[in-house]
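Participant: Work from the hints to combine the two standalone chains into their complex.
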Amino acid sequence: MDYAAIFVIQVAYAIASLALISVGLAVIYGMMRVINFAHGEFLMLGGYAVILPVQAGVNVWFAMLVIAPLAVGLFGVVVERIVIRPLYGRVIDTVLATWGLSLLLIGLASAALGYYQEGSKPPLGSVVIGAYRESVYTFFVIGITAAIMLALYVGLKRTRFGLLARGTMQNSAMAAGLGVDTGKVYAATFGLGAALSGLAGGILAPISGVVPVIGATYIAKAFITVISGGATVLAGTASAATLLGAVNQVVTFLSTPVVGEVALLAAAIILLRLLPAGITGRLFRGGI
Amino acid sequence: MSNRASSAGGIVIAALGVAALIGVPYVVELFTLVDVAVYCILSILALSLAFVWGYAGILSFGQSAFFGLGGYAYAMAVINLGESTVPVLAGILVPMIFAALLGYFMIYGRVSDVYLAVITLTVSLILYHLINSTSGPEYTIGRARLGGHNGVPGLPPINVPGNASAPLDYADTFRLSLGALLLVYFTLRAVIASRFGRVLVAIRENELRAELLGYDSRRYKLMAFTLGAGIAGFAGVLFASWGSFIGPSVFGIAFAAQVIVWILVGGLGTLGGAVVGTVLIQYLTTWLGQTKALPAMLGLSKIDPSLVLGIVLILFVLLVPSGILPTLRKLLRSRQAAASA
Numbered sequence: 001m002d003y004a005a006i007f008v009i010q011v012a013y014a015i016a017s018l019a020l021i022s023v024g025l026a027v028i029y030g031m032m033r034v035i036n037f038a039h040g041e042f043l044m045l046g047g048y049a050v051i052l053p054v055q056a057g058v059n060v061w062f063a064m065l066v067i068a069p070l071a072v073g074l075f076g077v078v079v080e081r082i083v084i085r086p087l088y089g090r091v092i093d094t095v096l097a098t099w100g101l102s103l104l105l106i107g108l109a110s111a112a113l114g115y116y117q118e119g120s121k122p123p124l125g126s127v128v129i130g131a132y133r134e135s136v137y138t139f140f141v142i143g144i145t146a147a148i149m150l151a152l153y154v155g156l157k158r159t160r161f162g163l164l165a166r167g168t169m170q171n172s173a174m175a176a177g178l179g180v181d182t183g184k185v186y187a188a189t190f191g192l193g194a195a196l197s198g199l200a201g202g203i204l205a206p207i208s209g210v211v212p213v214i215g216a217t218y219i220a221k222a223f224i225t226v227i228s229g230g231a232t233v234l235a236g237t238a239s240a241a242t243l244l245g246a247v248n249q250v251v252t253f254l255s256t257p258v259v260g261e262v263a264l265l266a267a268a269i270i271l272l273r274l275l276p277a278g279i280t281g282r283l284f285r286g287g288i
Numbered sequence: 289m290s291n292r293a294s295s296a297g298g299i300v301i302a303a304l305g306v307a308a309l310i311g312v313p314y315v316v317e318l319f320t321l322v323d324v325a326v327y328c329i330l331s332i333l334a335l336s337l338a339f340v341w342g343y344a345g346i347l348s349f350g351q352s353a354f355f356g357l358g359g360y361a362y363a364m365a366v367i368n369l370g371e372s373t374v375p376v377l378a379g380i381l382v383p384m385i386f387a388a389l390l391g392y393f394m395i396y397g398r399v400s401d402v403y404l405a406v407i408t409l410t411v412s413l414i415l416y417h418l419i420n421s422t423s424g425p426e427y428t429i430g431r432a433r434l435g436g437h438n439g440v441p442g443l444p445p446i447n448v449p450g451n452a453s454a455p456l457d458y459a460d461t462f463r464l465s466l467g468a469l470l471l472v473y474f475t476l477r478a479v480i481a482s483r484f485g486r487v488l489v490a491i492r493e494n495e496l497r498a499e500l501l502g503y504d505s506r507r508y509k510l511m512a513f514t515l516g517a518g519i520a521g522f523a524g525v526l527f528a529s530w531g532s533f534i535g536p537s538v539f540g541i542a543f544a545a546q547v548i549v550w551i552l553v554g555g556l557g558t559l560g561g562a563v564v565g566t567v568l569i570q571y572l573t574t575w576l577g578q579t580k581a582l583p584a585m586l587g588l589s590k591i592d593p594s595l596v597l598g599i600v601l602i603l604f605v606l607l608v609p610s611g612i613l614p615t616l617r618k619l620l621r622s623r624q625a626a627a628s629a
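The listed protein sequences correspond, in order, to chains A and B. Residue 56 in the working numbering sits at position 56 of the first sequence; the count goes up by one each step and never skips. Residue 493 in the working numbering sits at position 205 of the second sequence; the count goes up by one each step and never skips.
Among these hints, one or two may not hold up.
[Claimed, not checked] Using 25 Å as the maximum straight-line C-alpha spacing, the simulated SDA-like pairs for lysine to any residue come out as follows:
hint, chain 1, residue 1, chain 2, residue 2
1, B, Lys580, A, Ala112
2, A, Lys184, A, Gly155
3, B, Lys580, A, Ala111
Don't read these hints as lab results, they were simulated from the structure. Just so we're clear, the structure is a prediction, and the values are computed from it rather than from any experiment.
In isolation and in its complexed conformation, chain B is listed as follows (with noise of 0.2 Å):
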């Protein structure tokens, strides 16, 4: 009953998101399309946590790091080379290749839940360090200046495959974001579908009786980890394309904790929440950042997104912990029951 109502869901989504991708280009305005455009972007780096955190139980806390090195990685190469593909390549490569790296270190010493949150964030915000003190005109990779805390702008967007001369434009971006989002939601269902995706959550439910089954939960999660890093390049790489420009407050606290409370405020253990949690957010935080009233109501000249962000990651801890796509599907369902009953 529960997987068809899913699957009919997923047709649902596909549906709307197949005529979103070719209806919404001639009907919004260019400014609401750039925005929307963002958005998907967001939420490809949020669903890459939900996947990571949610179903492989691995506390990547860090996760920006990886939409970062993907974003960094595409700069660099899109500089030097010009044409778009391989750069988008090496933007879900690089992040992969790190996160293989320090996920071997991590998963394979068997750190702790905890120690993993910290390690992965830590190592944002020595990145963050690190990218800030390259400004000097000594710090480049063949013909691109990494700029340090001023990043690194003017970036060539994406282009038609194997034609530079054919970069896309707004709409086209829109539809490439609106796609990758339908992408990346659908693949990681099917992952989770899968057996693969059925070992995660049997580990994350309890990784002792995984291991005495015969998996190797180990194994496992490192893959999980690599390719949730892959996925978050990848948005790295579109935002990078979008705005023309990568800077290294991606690796920042600010932005890590952002994600963090993105996942939360959907639904963690959930894709849709992720998404709903990252548009609710960012809207938010845009429509504060726009309003007057509220501030001054408050006596202040603006209100500082770190106020907001903290308020709502303690108030849905404490009040809400499943996030608002498990509460409202809880609060359906009991309905019904009352209802059938």
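One chain only, chain A, in its complex shape (with noise of 0.2 Å):
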């Protein structure tokens, strides 16, 4: 009984956090039909966010749900208006620039901060569940994703820049023509994109530590995620994360993490030949 429950736990925590890693890019790639190659370096740069203030003693939760998402978001408006802008239309060129980001940002990440893992412990300490023993921070982590999702879902329902988003998304020359400033939205967009990932790459620091390449353990499973899941932004993000960290938490637990990321890319290959345009190419279509 307790170890259906840990299995559930656990499967529950490999989606969320495939979700948490993955939808800073959902959202880029929605609006603009760009992946982000340097997603994984603003995930890195999220962690440095956390750890390095506080190591300087400021408090672990100011600095991961404020400074990371903030620091991080101001950088992609930064990077946006610089790399991203004079390259739009032109999607492989700005996949390659972000690709030359991201191998710049790892440079530049060991040359100013070295190679060595840094590290800060788990807050919340650990609970017991018959004979076996689970972190809180599991639980926060899948709360914290849940919560997320559902702010960005009513953020782009509900308000009036999540329309102008949507509308953007939908008809870029249709919005422009009815008097949006595209460009701004873009902007505001690839920065809401930095900062979801800057957050996520937060809230992962304390479990995983945080080193200059660390973006390289991330990707591969957040490319997967997003390209699975399709355009759609939420509705992409959540249905393929289910899907993969299901089959990639089952399999781990009958063999090894490391088969279990192939089976998620097995599964995620077999999947495209059936719906070369994700999940919601064909399903969920019109959602968000």
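Facilitator: Here's what the structure looks like:
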């Protein structure tokens, strides 16, 4: 019984963490059709934006929930201005430029902060479930991911910015014709995606630690989740994270985490053979 | 006119290549010879991507994965067999089979450009994690240990076919590498000039139009992708034999990015550009790795290669998007036009 409970918690955690690391990428992809190759480095920056202030004595929750998203979000706005904007409409070039940015950030972080592992203790201790022990932080990650998805849903569905963003996403020429400053919307969306990535990196930093190259451990899964989900931000991320997270965690239980990752990839490739535009290319169309 | 110029260029390259093949080992030092050999080997990898991306329009961002698979297939087979002929073939065939399978799912699924780029890169990254996790002694293929993050050291080099007691020395390795580079370069030129190559370019330019003319674009693209993987695998074999070593970093994201940078710097849509880009970038990163003055000037202990690659990549995408070789050609042509006017 307690084993089953642990199993369910672990699967839920796998799904939540997959959605968490993917959602910032999904926002940018859904809006701009650009895969941000520097996504892993945005997560890395979010991690440092938690670890460094905490070492300087700042409260960990404040650093995680405020400093990390703000810092990386602002950075995202600057990046959009300098690197992304000159390349609008040239999707492949944008991908390549963000890949360059990714390498540049790894190089800068290595030069400035060194290669060693920065750590901080996961807050909140643990609870006992039968014969097993589970970190309370696991529940926090599941909870906050659900909260982020909900906030994003409300933000996109109910606010004026959400309306403009969705309008620009569906038909940018029409939105511009109706007087929307689409450039500003793109910049804001890129900033939002970056902020979400920073938040995710910050939330995961106490668990995984931060090194300059940590992005590479996240992006494989994040990329696969976003493209399997398709261009619809929330429905895509949620459905792909649920499917792939479950596959990943069940196979991890049966063998090792690496084999779980291979299973995730194999499932995604077979899925894309059947639904080449991702899950939301066929299902949940017209959602957000 | 341009056709005649290009075939004249081909003859010049062939003549220079053959001269280098014979002459260079007598002229330069052993150290340089070993360096030049690896430039040739990496150029073969670059050519494979120049063909797949530049001519077939397939964004294979994980092209280095096929290089790695070739190297590992060679390593596993040569440790078990001792003689290198079958391992060399294995190093070409294993990546081709892998690419055919992977390509079937992607190309016949008709996933978009960017999706294909992301999937190929992700496959490479996951192979990286997979190989890295095989450190334990239980991960063996026959007598060969996969070795995890330590890689597979002490590989026997390629030998004269059928004679395991005659391994290639440094000069031979150089000749083999340069010879292979010339062979791959001219083979690809021939492929591109053939009917198959022209259909590929037509698909790259307008896939729908090519299909309406009755060409099954998926079949052509899959064949190009598989051929490219075979060439990359061949380069991987040469690389493993050259250094007597293959390690998981060939599957890493930094190496995958490097191959992309070679192509972009040299010029997408050319074969020569791939070689130019490879040599330039490799020379630059090697030099930056050795020089002490520049990092000291910037107050750093050393310059991280990904820093340099990142800057080069961003600058080229923003400022020189067509790459060095096409830009030079354009300059030259406008100069000529101005002179004749």
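Participant: Now tell me, hint by hint, if it's right for this structure.
Facilitator: Against the structure, the hints:
1. As the CA atoms of Lys580 of chain B and Ala112 of chain A are separated by approximately 18 Å, the hinted pair is consistent with the 25 Å bound.
2. Restraint check: the Cα-Cα separation between Lys184 of chain A and Gly155 of chain A comes to about 17 Å, which is no more than 25 Å; the hinted pair holds.
3. As the CA atoms of Lys580 of chain B and Ala111 of chain A are separated by approximately 15 Å, the hinted pair is consistent with the 25 Å bound.
Checked against the numbered hints given earlier, this structure breaks none of them.
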